[in-house]
Every structure is written in C-alpha cells, then in structure tokens.
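There are 2 protein chains.
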Amino acid sequence: MMKIALIGFGVVGQGLTEILRNKSKELVQAGFRGELVAVATRSRGSLYHPDGLDPELLLAAIQRGHLDYYPDVYGLYRNWDTLTLIKQCNADVLVETSNTNLETAQPALDYCYAAIEHHMHVVLANKGPVAVAYAELQRRAKAAAVKLRFEATVMAGTPSIRLAMQALKGCEIREAQGILNGTTNFILTQMEGGLGYEEALAQAQALGYAEADPTADVDGWDAAGKVMILARALFNSTITLKDMEVQGISQISAADVKAAQEAGEKWKLIARVTPTSGSVHPVRVPLSNPLAAVSGAMNAITYNTDLLGDVTLVGAGAGRLQTGFGLLSDLLDIAGVGALS
Amino acid sequence: MMKIALIGFGVVGQGLTEILRNKSKELVQAGFRGELVAVATRSRGSLYHPDGLDPELLLAAIQRGHLDYYPDVYGLYRNWDTLTLIKQCNADVLVETSNTNLETAQPALDYCYAAIEHHMHVVLANKGPVAVAYAELQRRAKAAAVKLRFEATVMAGTPSIRLAMQALKGCEIREAQGILNGTTNFILTQMEGGLGYEEALAQAQALGYAEADPTADVDGWDAAGKVMILARALFNSTITLKDMEVQGISQISAADVKAAQEAGEKWKLIARVTPTSGSVHPVRVPLSNPLAAVSGAMNAITYNTDLLGDVTLVGAGAGRLQTGFGLLSDLLDIAGVGALS
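Residue numbers (my numbering), protein chains in the order written: chain A, -13 to 327; chain B, -13 to 327.
Among the hints, a few may not be true.
Since the list gives no way to pick out one identical chain from another, each pair is judged satisfied if it fits inside one copy or across any two copies.
No more than 16 Å apart at the CA atoms, straight line, and that leaves these computed lysine to aspartate or glutamate pairs for EDC-like [to be verified]: (1) Lys133 to Glu185; (2) Lys9 to Asp292; (3) Lys(-11) to Asp78; (4) Lys11 to Glu158; (5) Lys73 to Glu248; (6) Lys(-11) to Asp37; (7) Lys228 to Asp205; (8) Lys155 to Glu12.
Hints listed in this document are in silico derivations from the structure and should not be mistaken for laboratory results.
Since the model is a prediction, treat every value here as computed from it, not as a measurement.
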C-alpha cells in the first residue's frame, strides 16, 4: 500500500482524489494500491490519519469549504501545520499541488526537502520547485534513494515528460518547441474567429481558463516556467527567467491575426527550448506545422530528434482529471506499475 | 551484453545495425550493451558468430549484395538455414524484420515460436506475427518468461505502442484513430497540391515511398494490419481482416480533393480501432482535427481516453533509422534501460 500525503487541495488535488475514488478497482487490478493519509491546505485546514483518509469524505468536506467538515474518526489528527504533517506522517510519497512560485518556489520547496529527508518520493504538479531547484532536488532525492517525478507540471497529464525521458530514450533530443499555455492558445483561437483581444480574454475568464489577473498566462510567464522545467529535464540546463526572452500575446491585434490568416498562417505562443537557450514568444506558424492545428485550450509539444525527426504530442494542457492523471501516472511509475507487460 | 539475432537485413535491419554502430558509445553510457551475433536473410546468406559480428562489416557486405562478402573470421559460421540459426545461436533476443504476411505470418511466425522455445525475447518490425497470432505469442512468451515487443510495427519508431501501453496506463483508451500509412498520406497531400491520383502515385513510387505494386498501401491493407495489431494490443480483440471494412484511396479523384478543400476539410485515410471494431477508409477530416495537419509521409494516431480526452502523437511512419529506432527502443526496454531515472 502506497501512503500518499497531498499538499494543496484545489482543482488538481481534488482531481487526483476523484480518480483514486473512481478508479480504485481498476487500479488494484493493475497492481496499484494507494491511499491518502494526509491532506494539507494553506487556509482550509489539514488532516492526517495513519490508516488513511476517505476520498469521498475529503471531497465532501472541501466542497463545504474546509477540511474541518471531515467527520471525526478515531485516530484522526487535525490542523497540524504542513511541515509538521510531512515530518510526522508515515507517507511514502509527497504529492505537491500548491500554487506555483517561479522565483522562490516556496513554501513548496521546503516541503519537498522535508519529504525527501524523511525518505518520501516527491511528485509535483507545482512547477516552482522543479523550475527553481531541479538539480538540488535530484541530488537530494538520489542521496535518499527516492524518486522525483513531475509529469503534471507540463501539459497536465498528457505525457510530455514521459515521452521525452522514457519513450524517446536512445534518441538525442535537440530542441523542443510547443504550445504550453492553454489560456493564450484559447484567446488566439477566438481571435481567429473574429473577436478582439479584450473580448477573447474576457471569454477566457468567463470560462475559467484565465485568472482574474491574467498576467501569468498572457505575458508568457506560465509557459516560461515550463520552459525552465523542460530545459532542466531534457538538457540539464540551468537557464533562469532572466536568461530568457519572454513575450506574451497582449500585443497581438485583430489585424495581426487577420494578416496571418490571409497568408495561410496562425499566431501561436511558442515556447522553445534548446540545450543552451529558452524563449517564449508569439510566432506565425505555417499550416503545415502540426502546432498550427492545435486549437482552443489544447497544448502540444514537438521534440526534434536525431533518429526520428520531429515527434509531436497534442493533448490537454489543463483540467481537473487531466492534471490529476499526471499525478497518478507518476504514482504508478513509482509503484513499479508503469512498465510494459 | 545482450546478444541479438537479426532476421531480415533490408532497410529496417540495416537501420538498426547503423544505429548500433553509430551510437555504441552513447548506448553504453546509458547502460545498454548489445551486439549482433546472427543475421539471416532469405536470399542473401546468413552469418553467425558466438562472439559477435561487426556492424560495419555487415553493412559493407550487404552493400555489395550478399553476406558472403563478410570477411572470414575464426569461429564464423555461414549460411545456416534460419531455423537452425535461431535454435543454435546463443542470442538473448530475436529481432524479426522480414516481410509482412498478414494471412499466415509465415515464415516469421515459426521463427518467433522457435526463438521463444529457446528462451529468447522477441522484437518485431514484421507486422504479420503480431497481427495474426498475438494471443498465442503472448501466451508462449509468458510461459517462457520472455518478452514480446513490437513498437516498430506501427508508426515506425514513433512511440505509438509505448504511449498507449505505458505512458497512458491508468487511463482507459476507448478508441484509436490515425493515419497509419505514409504512402497514401503522401499521395493525398500531393493531390491537394493539384496532382491527379496517378501522377501522385507515380511520384510516391519515384521517391521510394510506394512499391512497384502499390496495392498493399493504396488499398488500405498495410493500415489494416496495423489496425489488427492495435486491436490486440489495446483491447485484446481478435478482429481479423474479414471482420473489417477496408477501403483504400484509389477511388479518390482530384475533384473529391478539391471539394473537400473548398469545404475546409482534408481527405485522410483513417484507420480506426474500438474494442469491438476495426476499419480503414478515406474520411473528410475538418481542419480543427489534429489529423488534418498531418502532411506528406508523416503518420499520426489519436487515442481517445477517459481521463485525458484525446491525445495525439504525430511522427515518422517509415524510414531506415526511424524504424531502426523502434527496434532499439524495444531492446532498451527489455534490457531494463527504458525506465525513468
């Protein structure tokens, strides 16, 4: 039985919990037994039960707004602070889904370090720790003989990391470029349908794709965080935000979109990574490029390789179950259930 | 050291041999040591050396037209028949790259059975044995505690099988549809550029994409073989060619192509697999479908899943190094070098 401590219980953490609830039978059949023993949030309480928490009751409690609504059970501990929880709980894996901070990666980075120190594997949906401290995390994880996994940080659960680091093993990857932010791709797609930038942004906000403050998405910082992660995972690069050219889509006008369409092209916010560089900027992509066909909130990545040429993966880049699956696939891998049969 | 017996020494077998020669240093660094100990062809001789054959000399010999041109070395055996070679050689893995026969799968199927009986893993680029006898091969492989791998049978080395069976583990795949034949996709793409069907076919033949007898490609049988493989691998289905609707592209006229273009669509030869059905036929695909953007000899597959929605992989569907890499990736997996680090 893999005991899981979950940090953050927003959309992504709830997505994983839902999957663990809905798929428990299939997962056991596949050889995976996992249970949540601890859940910690910043402002909605925390819970720990050494014998496991009930996914259904967790979801019901958070639905009502606070983990305090989880029913009393013999052996249940409530509202420990997160670091204490990590140090005291008997989990095998820490799953980190709290908010991304691309500058300090805190407080999540300290949570990861504490987990590794207590010989827990670490699985992240939070981009901060991987973007900011990949090398140090890997060093500590290796020293403690635990695993560091982060499939959900790039393209949700669409297996972009696994494709590069596992399925393409034996190929040399020379470059990756992709559409790694769904909000901006949705806005650009709506603009092709005739909307202006402001209208398209408002629609993205109404649909829940874009935050009230859309800066991180539309100015390219979310995609830049993913560039940092890919740079580290693919090339052991230490590129930082300061080394990168990062440009968003707020300068793209309806006229720009129309001009591209007339030339048989599409504006896409392209994130690009090479062994020595990283960038995010809007590019006019010809229709013959598979990335041109990626519409709405979908994401895609193209790996340029020595033996296979270009390999492109297109799929969801966000979403409750989609990102939850990214976490699950890392848990399956750690449990040794990920191999081909 | 993994000792490899290679059946068939055409484009694909030579591609693998080239990779083993060119990448030996990187492969050793990655933890993989493999060497060819036996190579068998139908009409160009066979070689066996218990201590290994030299990739460079093998390629030089076949370049001159026959393995008899391989230099004499102490301990070298020549021109054993293929079954004797498999039974007598001390290989750990059989790599089967001879020509596909979708009806009997022979003689390759007997080679696979002999290899399994002698406790060799089996890696296939040949579609026949997987399409015709997947269940029996798996049964025998399990009983002999060896592995059966066939990444190179669908989309060359583009990891279509690995994506479905490994990276998407935990998702339920409900359906797969794709462009699984490069020749027909090349012809359709050229027709969009204004060529008639016959001209486009002639161009495909001139470029080496299509055989002198193009029936297997243009009538959909090559794609149908891949449908059979996917049906077995994804759904444990036993669907046969007779159960499938298979239609090729030879009925598509220049006028059809033009009508689709005017409607903002593209003709694609779509192979489709569900748990209970399989088919190959030309479909008018809207430009919003990622498959519409797959041009020329490229291939693509879309898996429809419960947790991630649609996941599409686009990449090479043929080629010397591309297919050679498919074989290599299976060898790496068998050697245990395929895992995430």
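Status of each hint after checking the structure:
For a Cα distance limit of 16 Å, the shortest separation of Lys133 from Glu185 qualifies neither inside one copy, at 44 Å, nor across copies, at 55 Å. Taking the shortest alpha-carbon separations for Lys9 and Asp292, only the inter-copy value of 11 Å comes in at or below 16 Å, while the best intra-copy value is 39 Å. With identical chains, the CA atoms of Lys(-11) and Asp78 are at most 16 Å apart within one copy only, with a shortest distance of 5 Å there and 38 Å across copies. In this assembly of identical chains, the alpha carbons of Lys11 and Glu158 lie at most 16 Å apart only when taken from different copies (13 Å versus 39 Å within one copy).
Taking CA atoms no more than 16 Å apart as the test, Lys73 paired with Glu248 passes in neither setting, with 59 Å inside one copy and 64 Å between copies. Taking identical chains as interchangeable, the C-alpha atoms of Lys(-11) and Asp37 lie at most 16 Å apart only when both belong to the same chain, with a minimum of 9 Å there against 48 Å between chains. In this assembly of identical chains, the alpha carbons of Lys228 and Asp205 lie at most 16 Å apart only when taken from the same copy (15 Å versus 55 Å across copies). Only between protomers do Lys155 and Glu12 lie at most 16 Å apart by alpha-carbon distance; the minimum there is 11 Å, versus 29 Å within a single protomer.
When each numbered hint is compared with the structure, violations occur for hints 1, 5.
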